[in-house]
Amino acid sequence: MAYSDKVLDHYNNPRNMGSFTKDEEGVGTGVVGAPECGDVMKLQVKINDDGIIEDAKFKTFGCGSAIASSSLATEWLKGRTVEQAMALKNTAIVEELNLPPVKIHCSILAEDAIKAAVNDYLEKSGKKAPEAPAEKAEA
Amino acid sequence: MEIKLPIYMDYQSTTPMDPEVLQAMLPYFTETFGHPASRNHSFGWAAEQAVDAARGQVAELIGATPKEVVFTSGATEAINLALKGVVEMYGEKGRHVVVSAIDSRPVLDVLRRLAREEGVELTEVPVDKEGLVSPEDVKAAIRPDTILVSVMMANNEIGTIQDMESIGRVAKEAGVILFTDASEAAGKVPVDVQAMGIDLLALTAHKFYGPKGVGALYVRRKGPRVRLSPQIDGGGHERGMRSGTLNVPGVVGMGKAAELCRQLMPEESARIQALRDRLQNGILERLDEAHVNGSQTRRLPHNLNMSFAFVEGESMLMGLKEVALASGSACTTATLEPSYVIRALGTTDDLAHSSIRFSLGRFTTEDEVDYVIEHVAATVNRLREMSPLYEMAKEGIDLSKVSWKAD
Chain D
27 MAYSDKVLDH
37 YNNPRNMGSF
47 TKDEEGVGTG
57 VVGAPECGDV
67 MKLQVKINDD
77 GIIEDAKFKT
87 FGCGSAIASS
97 SLATEWLKGR
107 TVEQAMALKN
117 TAIVEELNLP
127 PVKIHCSILA
137 EDAIKAAVND
147 YLEKSGKKAP
157 EAPAEKAEA
Chain H
37 MEIKLPIYMD
47 YQSTTPMDPE
57 VLQAMLPYFT
67 ETFGHPASRN
77 HSFGWAAEQA
87 VDAARGQVAE
97 LIGATPKEVV
107 FTSGATEAIN
117 LALKGVVEMY
127 GEKGRHVVVS
137 AIDSRPVLDV
147 LRRLAREEGV
157 ELTEVPVDKE
167 GLVSPEDVKA
177 AIRPDTILVS
187 VMMANNEIGT
197 IQDMESIGRV
207 AKEAGVILFT
217 DASEAAGKVP
227 VDVQAMGIDL
237 LALTAHKFYG
247 PKGVGALYVR
257 RKGPRVRLSP
267 QIDGGGHERG
277 MRSGTLNVPG
287 VVGMGKAAEL
297 CRQLMPEESA
307 RIQALRDRLQ
317 NGILERLDEA
327 HVNGSQTRRL
337 PHNLNMSFAF
347 VEGESMLMGL
357 KEVALASGSA
367 CTTATLEPSY
377 VIRALGTTDD
387 LAHSSIRFSL
397 GRFTTEDEVD
407 YVIEHVAATV
417 NRLREMSPLY
427 EMAKEGIDLS
437 KVSWKAD
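Going line by line, the protein sequences match chains D and H.
Residues in the first sequence are numbered consecutively from 27, following the working numbering.
Residues in the second sequence are numbered consecutively from 37, following the working numbering.
In short, the hints are calculated from the structure, not lab data.
Some hints could be false.
Quick list of in silico lysine-lysine cross-link-like pairs, PhoX-like style, CA-CA up to 25 Å [claimed, not checked]:
(1) H:LYS437 x D:LYS141
(2) D:LYS48 x D:LYS153
(3) D:LYS150 x H:LYS437
(4) H:LYS357 x D:LYS32
Stretch by stretch, here's where chain D covers chain H in the computed footprint (C-beta under 8 Å, at least three residues) [to be verified]:
(5) 378-386
(6) 417-425
Estimated spans, in silico, between C-beta atoms of each pair [what the hints assert, rightly or not]:
(7) D:THR107 x H:HIS327: 44 to 52 Å
(8) H:LEU372 x D:SER45: 27 to 35 Å
(9) H:ARG205 x D:SER45: 52 to 60 Å
(10) H:HIS327 x D:ALA113: 37 to 45 Å
Even for Gly, the Cβ is constructed at its ideal location relative to N, Cα and C.
Bound conformation, chain D alone:
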């Protein structure tokens, strides 16, 4: 199983790797996965008052595909609205990175991480969750 070029690219040149300071304004943090499973993703979003994601950062413990999925997620989140972020599907990640079947779960975890980060922001800022399918009511 040779790695896809795109996965290797994200691994060697990760986009937006790092962290915001915990109490920074407008930051939502999502941590998904578990060490026992071999995959933990921490995704952070910085959202301005207009509901646009200004910046995003990630840190991941996991295989190359997991790292690439979360790195790609931060790339896509920047400039998107909260609604658009919640609508991002793992299948888009699979397609973009050419993930084989055995690595699809990495993209699902990335989608979960996005939702967790956005929901955390919404909870902290007391805003309501936007209308979106399969949405859990927060706050």
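Starting from the known structure of chain D, arrange chain H on it as the hints suggest.
Same frame as chain D, but now just chain H:
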């Protein structure tokens, strides 16, 4: 210093053939190509002679006699022959088998299938945190209806070497056949089926600089005489135990590889162990939170299995792309299960996912070891910068107390 990339450090997966082995095999493809069972002409006699010589070389490697060596297509086939052969032959006496929890994959797969389909009852003996099987535990597991004990001599992942002499004594006292998968031990450390009280032993050429596709099963003839129900019929070759025309070039290669290992072993194992220790110390000096898995006293001289906390194994292999290695991480398997061997040591799952196996060999150089040390340290540090677990640990968070939102 010139290093040829990529570097091979996965000798426990398979080995390159020694050039001398290749030379020994060549005449048997187009010149001495006869069938060793052709009794009536010189082509056959020449092939038979070559096979006999190889049989002797393999026997010498393990302290057996030539008549006790049955050639197969590899260790997996030898294991199938031994386990199924014993259960079928002695099945009326009993159907209970005792096996090590970290025995090899083929051994466990065969025994579990026999348990599911042939009414075999299996008792798995646990190992301690170094991967050692206690002879007392084996003794306690043996019952009146036990017909077989299987303990892998040296483990392929963590290199731990079992106390075969003591386990052999226990089996002998109980009158139970002892089988061992010696595919990782043969050619690397001394093996003596007499001193170790072993009745059946599997080995394969491609682990000790011989060709792939050929292996052998040692079957004891005296004290006691072990009988097996053959698994492959059709001609009665190998004393009725394994029919089929022998892979003569392969057998010759296996013999030559065995002979070379026996001759080189004292010097070679010392040299490779020194390189392994250099690798281990070099890594431990540069990194904290790096742990060696397995025994450090009873270990194959060329094996090093380490876990690097906060960093996952497959991502490490990706970063070490010019070095051939193996990992116990789930992400490297088709089943997404982490290494059962590492878990059997009582290691937490996250450290199983963080484990890397380095296995050195005959052609490993000091320069290669130094290259790997530097790149391992650099890769681990880079991945730790990227790791949320490392970040949390640095903040003083106890990761074992976190409640994770796993799906």
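Structure-based check of all given hints:
This hinted pair checks out: H:LYS437 and D:LYS141 have alpha carbons roughly 24 Å apart, not beyond 25 Å. Distance hint between D:LYS48 and D:LYS153 is fulfilled; the C-alpha atoms sit about 19 Å from each other, no more than 25 Å. Annotation: proposed proximity of D:LYS150 to H:LYS437 holds, straight-line Cα distance about 24 Å (limit 25 Å). Between H:LYS357 and D:LYS32 the CA atoms are separated by roughly 16 Å; this keeps the pair inside 25 Å, and the hint holds.
Given as covered by chain D, the region 378-386 of chain H passes the check, having 3 residues with a CB less than 8 Å from a CB of that chain where 3 are the minimum. For the region 417-425 of chain H, the stated coverage by chain D holds: 5 residues have a C-beta nearer than 8 Å to a C-beta of that chain, and at least 3 were required. Roughly 46 Å separates the CB atoms of D:THR107 and H:HIS327, a value that falls within the hinted 44 to 52 Å. Against the hinted window of 27 to 35 Å, the Cβ-Cβ separation of H:LEU372 and D:SER45 comes to about 28 Å, which satisfies the hint.
A C-beta distance of roughly 58 Å is found between H:ARG205 and D:SER45, which places it inside the suggested range of 52 to 60 Å. In this structure the supplied range 37 to 45 Å holds for H:HIS327 paired with D:ALA113, their Cβ-Cβ distance being about 43 Å.
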